[in-house]
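Number of protein chains: 2
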Amino acid sequence: MNYCSNCGSQVVLRTPFGDDRPRYICDVCHTTHYQNPRVVTGCIPQWKDQILLCRRAIEPRYGLWTLPAGFLENGETTAQAAARETLEEANARVVIDAPFSLLDIPRINQVYVMFRARLLDLDYAPGSESLEVELFREAEIPWDTLAFPAIEQTLVLFFEDRRLGSFRMHNETVWRQPGEPRR
Amino acid sequence: MNYCSNCGSQVVLRTPFGDDRPRYICDVCHTTHYQNPRVVTGCIPQWKDQILLCRRAIEPRYGLWTLPAGFLENGETTAQAAARETLEEANARVVIDAPFSLLDIPRINQVYVMFRARLLDLDYAPGSESLEVELFREAEIPWDTLAFPAIEQTLVLFFEDRRLGSFRMHNETVWRQPGEPRR
Numbered sequence: 001m002n003y004c005s006n007c008g009s010q011v012v013l014r015t016p017f018g019d020d021r022p023r024y025i026c027d028v029c030h031t032t033h034y035q036n037p038r039v040v041t042g043c044i045p046q047w048k049d050q051i052l053l054c055r056r057a058i059e060p061r062y063g064l065w066t067l068p069a070g071f072l073e074n075g076e077t078t079a080q081a082a083a084r085e086t087l088e089e090a091n092a093r094v095v096i097d098a099p100f101s102l103l104d105i106p107r108i109n110q111v112y113v114m115f116r117a118r119l120l121d122l123d124y125a126p127g128s129e130s131l132e133v134e135l136f137r138e139a140e141i142p143w144d145t146l147a148f149p150a151i152e153q154t155l156v157l158f159f160e161d162r163r164l165g166s167f168r169m170h171n172e173t174v175w176r177q178p179g180e181p182r183r
Numbered sequence: 184m185n186y187c188s189n190c191g192s193q194v195v196l197r198t199p200f201g202d203d204r205p206r207y208i209c210d211v212c213h214t215t216h217y218q219n220p221r222v223v224t225g226c227i228p229q230w231k232d233q234i235l236l237c238r239r240a241i242e243p244r245y246g247l248w249t250l251p252a253g254f255l256e257n258g259e260t261t262a263q264a265a266a267r268e269t270l271e272e273a274n275a276r277v278v279i280d281a282p283f284s285l286l287d288i289p290r291i292n293q294v295y296v297m298f299r300a301r302l303l304d305l306d307y308a309p310g311s312e313s314l315e316v317e318l319f320r321e322a323e324i325p326w327d328t329l330a331f332p333a334i335e336q337t338l339v340l341f342f343e344d345r346r347l348g349s350f351r352m353h354n355e356t357v358w359r360q361p362g363e364p365r366r
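Here the protein sequences come in this chain order: Z and L.
Following my numbering, the numbering of the first sequence begins with 1 at its first residue and continues without gaps.
Following my numbering, the numbering of the second sequence begins with 184 at its first residue and continues without gaps.
Hints are computed from structural coordinates only; laboratory data are not their basis.
Source: prediction; values computed, not measured.
It cannot be assumed that every hint is accurate.
Simulated coverage check for chain Z against chain L, where a stretch passes if three residues somewhere in it have a Cβ under 8 Å from a Cβ of chain L [to be verified]:
no., segment
1, 65 to 74
2, 90 to 103
3, 137 to 150
Computed Cβ-Cβ distance ranges for the label pairs, DEER-style [stated by the list, open to error]:
no., chain 1, residue 1, chain 2, residue 2, range
4, L, L347, Z, P142, 18 to 28 Å
5, L, V211, Z, L164, 31 to 41 Å
6, L, H213, Z, E138, 37 to 47 Å
7, Z, L87, L, W358, 17 to 27 Å
8, Z, R182, L, R345, 36 to 46 Å
9, Z, P142, L, A240, 50 to 60 Å
From the three backbone atoms N, C-alpha and C, an ideal C-beta is built for every residue, glycine too.
All chains, please: the whole structure from these sequences, using the hints.
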């Protein structure tokens, strides 16, 4: 941030009085510009024992597989956003069930909220941001070509819970970077 | 938003090609400025059958009671932020347990993430943003002078679950506005 989005003057990076971290401050119109993490929300669309993945047609991570997910927009709920992303990326209609994972990625200032969901029909197709959309059984998941560690972590937790016969809410931090080898 | 925070030119509000909602766009440096909801995170600090509330020393909702909570900052996890806010507002140390409520407030572009937590000791005191900090039994909760509907909703769900003997994760939308009478 270089300029004040309110008045166009140059901003300075300074810790405001009573605050404990530096903020971009405009000394002309006296606006403090806070910068905060963004929410990514999506779902695990289930059809019997299969789940729906999308192969990305956009950067970052072009050509790799992911669950339908994207940035939460102003004016919508996390569950609405998860259903919207599934419609946009996979042309698929889902019923959103319970939230399943809340994953913090402090390295890139993101919070993932992933829901369990059920596909309403098999009438899905790649949206403009996907190359392919496909149903996978657990044994068929393309673990080595998943786009994001948060998606992998969600899928690992999902199949663990499914094996145990009950789903619970998970809260974890994602430490691995995309492309970094798994342990 | 009036000016580009990158180059200082005037921005225009326009739907970018391939997008479906208007964004602030700078036609000089070609930056699209996305605006997204912010995350508020906090906790329900428990001590035996009591929970800790803070009376606000700041606007909005000066003088009213709330759970310790505040905006998630860049570089921290939601659980870290919940513990930090509790230390700042109540000088209290907590162990953060599971996430308890994920509340969407699309009207004001906020998502609340509230955790269950346990107070580690009784050595608490008002921080600079609080007038008072006090432990309350369920029958003593000041329902009529709570600061925010999301906090009230979280407390209602918490005491319901406690009565049932098991806590689960809740995802709801907050429709009521602060100060609007309860049904």
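Checklist entry - Looking at the structure, which of the earlier hints fail to hold? => result Violated hints: 3, 4 and 5; rest satisfied.
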